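**Q** Here is how the chains run, residue by residue.
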Amino acid sequence: MKSDMGLIVKTMARATIPLIGIFGAYVVSHGHLTPGGGFQGGATIAGAGVLFIIAFGVGEAKKRINKSLYSALEGLGGLVFLGVAMLGLSVAFFYNTLWHNGPIFNGKPGTLLSAGYLPIMNLAVGLKVYTGLMSAVFAIALFRRWRK
Amino acid sequence: MRKTFGALSLLFILGILLLIANPNYGLKFGLGGEDWQKYRYTDQYYIDHGIEETGGTNIVTDIVFDYRGYDTLGEATVLFTSIAGAVALLRKWREENEE
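Note that the protein sequences, when read in sequence, are chains C and H. Counting from 1, position 32 in the first sequence corresponds to residue 32 in our numbering; the numbering is continuous, with no gaps. Counting from 1, position 10 in the second sequence corresponds to residue 10 in our numbering; the numbering is continuous, with no gaps.
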């Protein structure tokens, strides 16, 4: 059985998937400045992945998506989140030491390289949400209860 | 006939609920108005001190990742656990690779 869609849907998906991905990356990377953040941006990028699976079919996605890499990246995102939270452990857990007296990410409020660990946490959570949602959706897409 | 009566009764119940929940003369659940402002000083604190203490201009991100970091950590753990459970329950990868 063919699992991919027609030519029109494929062309539209080719055009829109990069735009959705760029918008999600913007939401993640500007999470400390504009509305949005790691969760929302990661879910947006995962929407692009779901569009890829729907438009091009599970067979094509199985060739492109390395699921062990995705599982590893999800664990890495969670570990980066926890590790960055432990940076200020000399004062307290979740103490923003990069912002108060850190070497990097302590620019003026409102610039991209400011707000201490907030951008790093946004990136980590965005990576975690994207890879986690993609693994879950991919597992559901591959699931077959009946035998052919 | 019966459907019309059901829809009309739903509308009637909605009107009564709107009448009850009116903040001016309806039922009052707990504090309200000026009294409530006294107990919600944390909102104003975040708006006033969030930028200098955390550095981010998005106050929601300041609260979620800095002031209430433990909550976000638990949320990330819940997400990880649920996705691990979903993948472990639904996967057929090994069998599909062999066929």
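Hints are supplied without guarantee of correctness; some may be wrong.
Here are the computed distance ranges between Cβ atoms for each label pair [said to hold, decoys possible]:
#1 H:Leu8 / C:Ala43: 24 to 34 Å
#2 H:Phe12 / C:Gly75: 29 to 39 Å
#3 C:Val9 / H:Leu17: 20 to 30 Å
One side of the interface only, derived from the structure: several residues of chain H facing chain C at Cβ under 8 Å [said to hold, decoys possible]:
#4 Leu14
#5 Gly15
#6 Tyr46
#7 Asp48
#8 Gly74
#9 Thr81
#10 Ala86
Derived contacts from chain H toward chain C, CB cut-off under 8 Å, selection only [said to hold, decoys possible]:
#11 Leu17
#12 Pro23
#13 Val78
#14 Leu79
#15 Leu90
These are computed hints drawn from the structure, not numbers from a lab. Note that the structure is a prediction, hence the values are computed from the model and not measured. For every residue, glycine included, the Cβ atom is placed at its ideal position computed from N, Cα and C.
**Q** Against this structure, judge whether each hint is valid.
**A** Status of the hints after comparison with the structure:
1. H:Leu8 / C:Ala43: 24 to 34 Å: violated (41 Å)
2. H:Phe12 / C:Gly75: 29 to 39 Å: Violated: the Cβ-Cβ distance is about 55 Å, outside 29 to 39 Å.
3. C:Val9 / H:Leu17: 20 to 30 Å: This hint is violated: roughly 44 Å between Cβ atoms.
4. Leu14: violated (32 Å)
5. Gly15: violated (36 Å)
6. Tyr46: violated (14 Å)
7. Asp48: At about 14 Å, which exceeds the 8 Å cut-off, the nearest Cβ of chain C leaves the hint on Asp48 (chain H) violated.
8. Gly74: violated (12 Å)
9. Thr81: It is violated, given that the least Cβ distance between Thr81 (chain H) and chain C is near 10 Å, above 8 Å.
10. Ala86: Result: holds, 5 Å to nearest chain C Cβ.
11. Leu17: For Leu17 (chain H), the interface hint is violated, since the closest Cβ of chain C sits about 32 Å away, which is over 8 Å.
12. Pro23: Pro23 (chain H) check fails; min Cβ-Cβ to chain C is 28 Å, beyond 8 Å.
13. Val78: violated (11 Å)
14. Leu79: Holds, because the Cβ-Cβ distance from Leu79 (chain H) to chain C comes to roughly 6 Å (cut-off 8 Å).
15. Leu90: Where the cut-off is 8 Å and the nearest Cβ of chain C is about 4 Å from Leu90 (chain H), the hint holds.
Going down the numbered hints, you'll see the structure goes against 1, 2, 3, 4, 5, 6, 7, 8, 9, 11, 12 and 13, while the others check out.
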